[in-house]
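Protein chains in written order, with my numbering: chain A, 1 to 317; chain B, 1 to 682.
Read the hints as simulated data drawn from the structure, not as lab findings. Bear in mind that the values here come from a model prediction, so they are computed numbers and not experimental data. Some hints could be false.
No farther apart than 25 Å at their CA atoms in a straight line, the calculated lysine to any residue pairs in the SDA-like style are these [said to hold, decoys possible]: (1) Lys196(A) x Ile205(B); (2) Lys196(A) x Ala388(B); (3) Lys196(A) x Trp105(B); (4) Lys402(B) x Ala217(A); (5) Lys72(A) x Glu379(B); (6) Lys72(A) x Trp105(B); (7) Lys109(A) x Thr27(A); (8) Lys72(A) x Ser139(B); (9) Lys72(A) x Glu131(B); (10) Lys196(A) x Ser139(B); (11) Lys206(B) x Met1(A); (12) Lys196(A) x Glu379(B); (13) Lys196(A) x Gln111(B); (14) Lys72(A) x Ile403(B); (15) Lys206(B) x Thr45(A).
Away from chain A, derived, C-beta distances all over 10 Å, residues of chain B [as the list claims (entries may be wrong)]: (16) Arg38; (17) Glu85; (18) Gly91; (19) Thr138; (20) Ala174; (21) Pro178; (22) Asn240; (23) Ser264; (24) Pro275; (25) Ile403; (26) Glu405; (27) Tyr426; (28) Glu489.
C-beta: ideal position from N, C-alpha, C; glycine also.
Chain by chain, the residues:
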Amino acid sequence: MFTDDAKAVIALTTRLGDSHRPSLPPTMWHRLATALNDAGLTPATVFDPNTDLASIPGIPGDLAETVTELIKDASITTVAATELDRQGIWTLTLVDDTYPPTMRDRLGKGAPPVIFGVGDPVLLDGDGIGIVGSRNVDEAGAEIAKDLAVRATTLGRAVVSGGARGVDQLAMNAAYQADGVVIGALADSLQSRIQKSDVLAALDRGRTCLLTQQAPATGFSAGAAMSRNKLIYALSAVTVVVASDANTGGTWAGASEALNKAISVVSVWRGEGEGPGNPALEGAGAIPIQALDDLSDLVESPPASEPEQLAITELGA
Amino acid sequence: MTNFDPTALHLLRVLTGNSKADFRPGQLEAIQAVARDRDRALVVQRTGWGKSAVYFISTRMLRDQGLGPTVIVSPLLALMRNQLEMADRLGLNAHTINSTNRDSWEPIFSQIHAGEIDLLLISPERLNNPEFRTEILTSLLSDIGLLVIDEVHCISDWGHDFRPDYRRLQQVVASLTPNIPVLGTTATANDRVVADVVEQLGEQIKLFRGTLERDSLALHVLPMPSKAERLAWLAENIPNMSGVGIVYTLTIKDAEQVGAWLRSRGIDAASYTGPMDSDERIEIEHRLTDGALKVVVATSALAMGYDNPRIEFVIHYQTPGSPIAYYQQVGRAGRAVDEAYGIAMAGSEDEDIQDWFIDTAFPSESDTNDALSALAAAEGMRVGELEAVVNLKRGRLLSMLKILEVEGAAYRDGSLWFRSAEPWVYPARRIADVTAARREEQETMRRYLGSDDCLMQQLRAALNDPAPERCGRCMNDTGPLARTGVERETIEAALAFLRGEVISIEPRKVRPPGLTVDLNLREHNIEPGRALSRWGEPGFAEQVRDDKYDNGRFSEELVDAIVRMVRTWGPDPAPEWVTSVPSNPVEDFAQRVATGLGLPYVESLHRVATRRPQKTMHNSSQQARNVLGAFDVVATRSEPVLLIDDMVDSRWTMTVAGAQLRAAGSGPVYPVALSDTSGSGS
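All chains should be built: construct the whole structure from the sequences, respecting the hints.
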């Protein structure tokens, strides 16, 4: 069950139970959390009727007011989170020990305050291999996606992807078939996914974890697809872009952001099946891979320091 | 809040209408915990200690601080009249939400949002409804000032009456944010249950626990193994007892039977059971409170929440296998009267019934696994579809689903059930531990019934009362009740009643789901019929059992009894021939019945397939499939017919055989059986 600190995060940053309810954007949450922390206080302080939040340095009056208003009916969100729990969907907040550490470290203030998922969150150790690419991949690209997934499994790494059609699903299915660990960062409704028998079978096997940063009832949106991309990079030691469009599409944008913010190692497939954007990503600092063994090498001896990154503007994004 | 204590005291005096009233030990402290410190509190105090005063006063004080209304989750169907009066004295506007007043929910919610309602009573069953939780509860939570959980011991599966609805509630409470005060109350919890409740509601909860002494209640044990003797004793003694009271039974059928018997003896008695409409139950509660009824014959459905301080006797026609359950029920007596009696009449059938409750408290591992695998594969199933997979009665299937839902293994979305994404393992160890604890309680109760020591002291000790003392009032302290010899005539009348009660066989009306064979119940259904006895009861059922399993032939006594039963019953139009479900002893028996009635016997059905005994099939779907295709019609007549079988359980054998006869051109089919085994748990 949730700690009072976790309840504070859920109450302030989600709209569980009532999609019309206001919530704090992540930046405001971080501001509040930092101020509380600096004052030696925990997030649960927000529930204490005897604490005047506005008197704490770093918490502006309007933020204090918003928070006070939000916690009045905060139980709506926490009861809804328990309801999700009954369906097997966990809710993890930044204050929980089990929140994936690399998401916290690599995303910093961009880390979603709350994530939802199914499966064992201990699998989210940040050592995975991300395999991403566009929906419309050709046959050679499809083969590479699968081969990379099997190789990742052989290397004892989780395959991390986005659960979309195309490269994502090919890679995840290949890892599943090879009995590897599969991690999917979803941009569609988690609640609908877990009503599918194949998903339940995969979860029953263990070694599968699906997560999302949007409310589990919410369906697909392009915005959600953008924000989940950074979860893939944050949960992977190395992410391979199999095929990307140039200057457009989710794969391109996600890889550009990961390079730009140096979230983790970005590599790019250079060979048959690659996409029109792949050369440009190499030019922007993604490490080229031309054979499966290149992935093994990269994983076993990662670059000593973060690769030189180009500013996103230079990529023309 | 410097004036807190004087204000609370003032409110108590207004509430009681007594300007000199003082708090009982623990009351003020509990009020301080929730209304001043807005903490969580657990109050374990005997019935009549004044728990409602705690939440009425707390509500008034919280409302005066500008906080939202109090929500009371309680098995009470409605606030009792005296409680409404109390609420009224504090100017508290109270309302109830339950399944019977759905139409008023909307206006009630508007009133809540407008700040016009101070107290809202909801039943725990509401929480088991996902729509209620997501829509209604959410809107309640946005306003709530205090959450009260009455009979909070029900959240513990160590408790004698663990209810999945309450476990649901525990999950809600645990997920509430800490700025909502919570007050749990119970009169009946031992150490183990208290510890469990504390763990579930949060370790920081403040515990207020007092003595369980009831100083006007005299406990007696009056062992009477036979039902007839107990019925006779009740009929002779209840009219002479002072005031009104309750007779408790362990089963619904017994509550109905004893109620019917007492009425037949001119006593103002009503039966009260869980499946009855809540309107009807509220009405019975009121009639008992008003003294319009002398006695209510009830199952444990009346154990909680009925709050009548004027009960002068509680008699257990059958005794529960748990001292906590017993204390809770017997504790209904003697709250505001000087002298009250609690009498346990241990019956010979009690332990069998208790065993059944203990053994079936949890669904089996194989049934749960069957259900969960089916759910995981199906991407959503209706209950009717699950019946085709899991061999359980509908009621037991639903209770299994409820438990699986509370356990987080399955959930409901609209009318479809899904396997949750949570790995779940059957908690065999926990179930074994709880079952062992219940066996221990049964043993404690057995000792109680045979004990020479102070009875109240034993009960209090069993409930871990910190200081159980001799009561000086029970039969072991003062001597047994004068054991008025029960008149032989009354016993005979009771025996005749036990034998003669009409047991009807109602036709099945709904085709079970998943049937592929043609079964037209609208055109080819059987008529209502009769059974001679209820399986497992004294009287003819014993003869049926001995004849069926030991003697191999049904005796003439049973032939005569069936002939008498059919004559008294007189179905219209009258049957003109007799047939039977094929089996040698039944055919032999039916032929003799036909002779007794002066009607021809026709062998009309042949068995074409051997099936498993119908009693091993537990739900409609399984039963109907088991019997479909089992018979062929080899002869029929166009007149009305008696269709005889030895046992009737699901009624599917009779229904299918009858439908086949009708389809083959027979007249109306009247089913007749020697014994009704449904609900016997055997």
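Next pair to validate is Lys196(A) with Trp105(B); report whether the Cα-Cα distance is within 25 Å.
violated (35 Å)
Verify the proposed pairing of Lys196(A) with Gln111(B), using a straight-line Cα cut of 25 Å.
violated (42 Å)
Far enough from chain A: is every CB of that chain over 10 Å from the CB of Ile403(B)?
Since the minimum Cβ distance to chain A is about 13 Å, Ile403(B) lies beyond 10 Å and the statement holds.
Can we confirm that no CB of chain A comes within 10 Å of the CB of Pro178(B)?
Non-interface label on Pro178(B) violated, nearest chain A Cβ at 5 Å vs cutoff 10 Å.
Looking at Tyr426(B) again, its CB stays over 10 Å from all of chain A?
Tyr426(B) is indeed farther than 10 Å from all Cβ atoms of chain A, at 15 Å.
Restraint check for Lys72(A) with Ile403(B), where alpha carbons must lie at most 25 Å apart:
With a Cα-Cα distance of about 32 Å, the restraint between Lys72(A) and Ile403(B) is violated, given a limit of 25 Å.
10 Å Cβ clearance of Asn240(B) from chain A
Non-interface label stands for Asn240(B): nearest chain A Cβ at 54 Å, farther than 10 Å.
Hinted pair Lys196(A) and Glu379(B), Cα distance within 25 Å:
holds (6 Å)
Status of the stated non-contact between Glu405(B) and chain A (beta carbon gap over 10 Å)
violated (7 Å)
Are the Cα positions of Lys206(B) and Thr45(A) separated by 25 Å at most?
holds (21 Å)
Proposed proximity, Ser139(B) with Lys196(A) (alpha carbon, max 25 Å):
Not OK: Lys196(A) and Ser139(B) at ~31 Å, beyond 25 Å, violated.
Are the Cα atoms of Lys196(A) and Ile205(B) separated by 25 Å or less?
violated (41 Å)
Figure legend: structure checked against the earlier numbered hints; hints not met, in rising order: 1, 3, 5, 10, 13, 14, 16, 19, 20, 21 and 26.
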